[in-house]
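**Q** Sequence:
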Amino acid sequence: MDLSQFQFDLPERLIALRPAEPQDSARLLVVHGDGRLEDAGVRDLPRYLNKGDVLVFNDTRVLPAALKGIRPARDEAGQDVACDVNLTERVDGRNWRALARPGRRLKDGDTIVFAEGFTAEITGHHEGGEIGLRFSLEGEALTAALDKHGAMPLPPYIARRRPADAKDRETYQTEFAGEDAASVAAPTAGLHFTPRLLAECDAAGLVRETVRLHVGLGTFKPLEEKQLEENRLHQEWRRLTPETATRLNAARASGRRVVPVGTTAMRTLESCVDTEGVLHPATGPTDIFLKPGDAVRGTDALVTNFHLPGSSLFMLVSALMGTEVMRAAYAHAIANEYRFYSYGDACLLLP
Numbered sequence: 001m002d003l004s005q006f007q008f009d010l011p012e013r014l015i016a017l018r019p020a021e022p023q024d025s026a027r028l029l030v031v032h033g034d035g036r037l038e039d040a041g042v043r044d045l046p047r048y049l050n051k052g053d054v055l056v057f058n059d060t061r062v063l064p065a066a067l068k069g070i071r072p073a074r075d076e077a078g079q080d081v082a083c084d085v086n087l088t089e090r091v092d093g094r095n096w097r098a099l100a101r102p103g104r105r106l107k108d109g110d111t112i113v114f115a116e117g118f119t120a121e122i123t124g125h126h127e128g129g130e131i132g133l134r135f136s137l138e139g140e141a142l143t144a145a146l147d148k149h150g151a152m153p154l155p156p157y158i159a160r161r162r163p164a165d166a167k168d169r170e171t172y173q174t175e176f177a178g179e180d181a182a183s184v185a186a187p188t189a190g191l192h193f194t195p196r197l198l199a200e201c202d203a204a205g206l207v208r209e210t211v212r213l214h215v216g217l218g219t220f221k222p223l224e225e226k227q228l229e230e231n232r233l234h235q236e237w238r239r240l241t242p243e244t245a246t247r248l249n250a251a252r253a254s255g256r257r258v259v260p261v262g263t264t265a266m267r268t269l270e271s272c273v274d275t276e277g278v279l280h281p282a283t284g285p286t287d288i289f290l291k292p293g294d295a296v297r298g299t300d301a302l303v304t305n306f307h308l309p310g311s312s313l314f315m316l317v318s319a320l321m322g323t324e325v326m327r328a329a330y331a332h333a334i335a336n337e338y339r340f341y342s343y344g345d346a347c348l349l350l351p
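Mapping of the sequence shown onto full-length UniProt numbering: position 104 corresponds to residue 104, and the numbering continues sequentially without gaps.
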């Protein structure tokens with residue numbers, strides 16, 4: 001596969017550093033399967049869908065997974081080392097994988113102190129520069145400590161340009177986030193859905209369902225040749241309950257569309273669908289990698305943001321719509337100065 005066809009030039013000024021205010025005032029590019037493009041707003045979404053169509057949201061909750069700590073000096077002659085830690089994947093109630101700086105000065109067995117009574121031991125160094133951390137707290141106590149001392153883990157393309165702040169606690173979390181905080185990135189298409197927009201969707205007769213996929217930082221990593229060769233992405237934990245699968249299958253059987261909100265919801269559905277288009281409940285990891293030429297069987301339309309050039313997510317939307325259609329849509333978005341990435345504008349993709 002020629003990766004160059006998924007590359008495009010994006011002016012830096014179009015990378016959104018803050019969401020639209022209010023968040024449902026973002027723009028919406030409607031992309032039709034025949035290549036037609038319509039400029040609209042996110043609040044116009046209900047008029048492009050039909051009564052009974054089902055919006056499927058990812059209800060994962062983002063953990064304040066960006067931490068600052070100190071690695072105490074190893075001896076009297078040494079110096080304390082300030083550390084920036086970003087959690088990337090939960091292993092169990094006490095253990096996580098993380099990215100840390102300065103990585104070269106952190107050794108296995110070192111302790112990082114985040115606050116009084118809140119520390120972590122480095123348990124190993126892993127592929128891709130990640131380290132293992134075993135926290136002094138676990139379960140709800142660890143979640144509370146992270147909530148108190150952590151910051152929202154903004155995507156790298158935002159974090160390089162500004163630090164996370166208190167406002168991100170509100171704007172980088174969806175209205176329908178559940179109680180299980182385990183994601184280290186938001187399902188960003190869902191950020192547009194304010195209480196007002198949700199009420200308008202309800203009034204239009206659209207149905208809401210939820211799935212759950214805990215988003216990892218692998219979402220933002222450039223594609224590697226190994227992933228293309230093995231046809232697999234990083235693993236992320238997902239869940240589709242039996243009750244939800246039954247309702248979604250019934251909706252499609254009656255001619256209604258299933259419309260995931262965001263690529264994480266779409267990846268969940270596509271990892272749970274069989275060759276006949278029937279969704280089956282599942283809980284556990286998925287490394288599904290959708291690209292042009294792959295069959296899309298559980299998705300009838302998609303609400304999503306604009307993605308990074310050369311990313312697995314741009315390949316995913318190209319799998320749904322066709323590469324040439326999406327290249328033309330992105331060219332239109334750039335020419336018309338749509339805002340890109342996590343805090344940017346949205347598309348409605350109608351195959």
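These are computed hints drawn from the structure, not numbers from a lab. Ideal Cβ positions, reconstructed from N, Cα and C, are used throughout, including at glycine. Errors might be hidden in some of the hints.
[Stated by the list, open to error] Capping the alpha-carbon separation at 25 Å, the derived lysine-lysine pairs in PhoX-like fashion look like this:
1) 226 with 167
2) 167 with 291
3) 148 with 167
4) 68 with 167
5) 226 with 291
[To be verified] Label-pair ranges, simulated between beta-carbon atoms:
6) 70 with 351: 45 to 53 Å
7) 281 with 322: 41 to 49 Å
8) 94 with 37: 43 to 51 Å
9) 117 with 322: 51 to 59 Å
10) 107 with 194: 24 to 32 Å
11) 294 with 235: 17 to 25 Å
12) 37 with 93: 43 to 51 Å
13) 37 with 9: 18 to 26 Å
14) 9 with 241: 17 to 25 Å
15) 235 with 322: 26 to 34 Å
16) 293 with 246: 27 to 35 Å
**Q** All hints are to be evaluated individually against the structure, with a verdict given for each.
**A** Hints, one by one, checked against the model:
no.	hint	in the structure
1	226 with 167	38 Å, violated
2	167 with 291	35 Å, violated
3	148 with 167	15 Å, holds
4	68 with 167	19 Å, holds
5	226 with 291	15 Å, holds
6	70 with 351: 45 to 53 Å	52 Å, holds
7	281 with 322: 41 to 49 Å	31 Å, violated
8	94 with 37: 43 to 51 Å	49 Å, holds
9	117 with 322: 51 to 59 Å	54 Å, holds
10	107 with 194: 24 to 32 Å	47 Å, violated
11	294 with 235: 17 to 25 Å	18 Å, holds
12	37 with 93: 43 to 51 Å	47 Å, holds
13	37 with 9: 18 to 26 Å	19 Å, holds
14	9 with 241: 17 to 25 Å	42 Å, violated
15	235 with 322: 26 to 34 Å	28 Å, holds
16	293 with 246: 27 to 35 Å	30 Å, holds
Of the numbered hints stated above, those contradicted by the structure are hints 1, 2, 7, 10 and 14, listed in ascending order.
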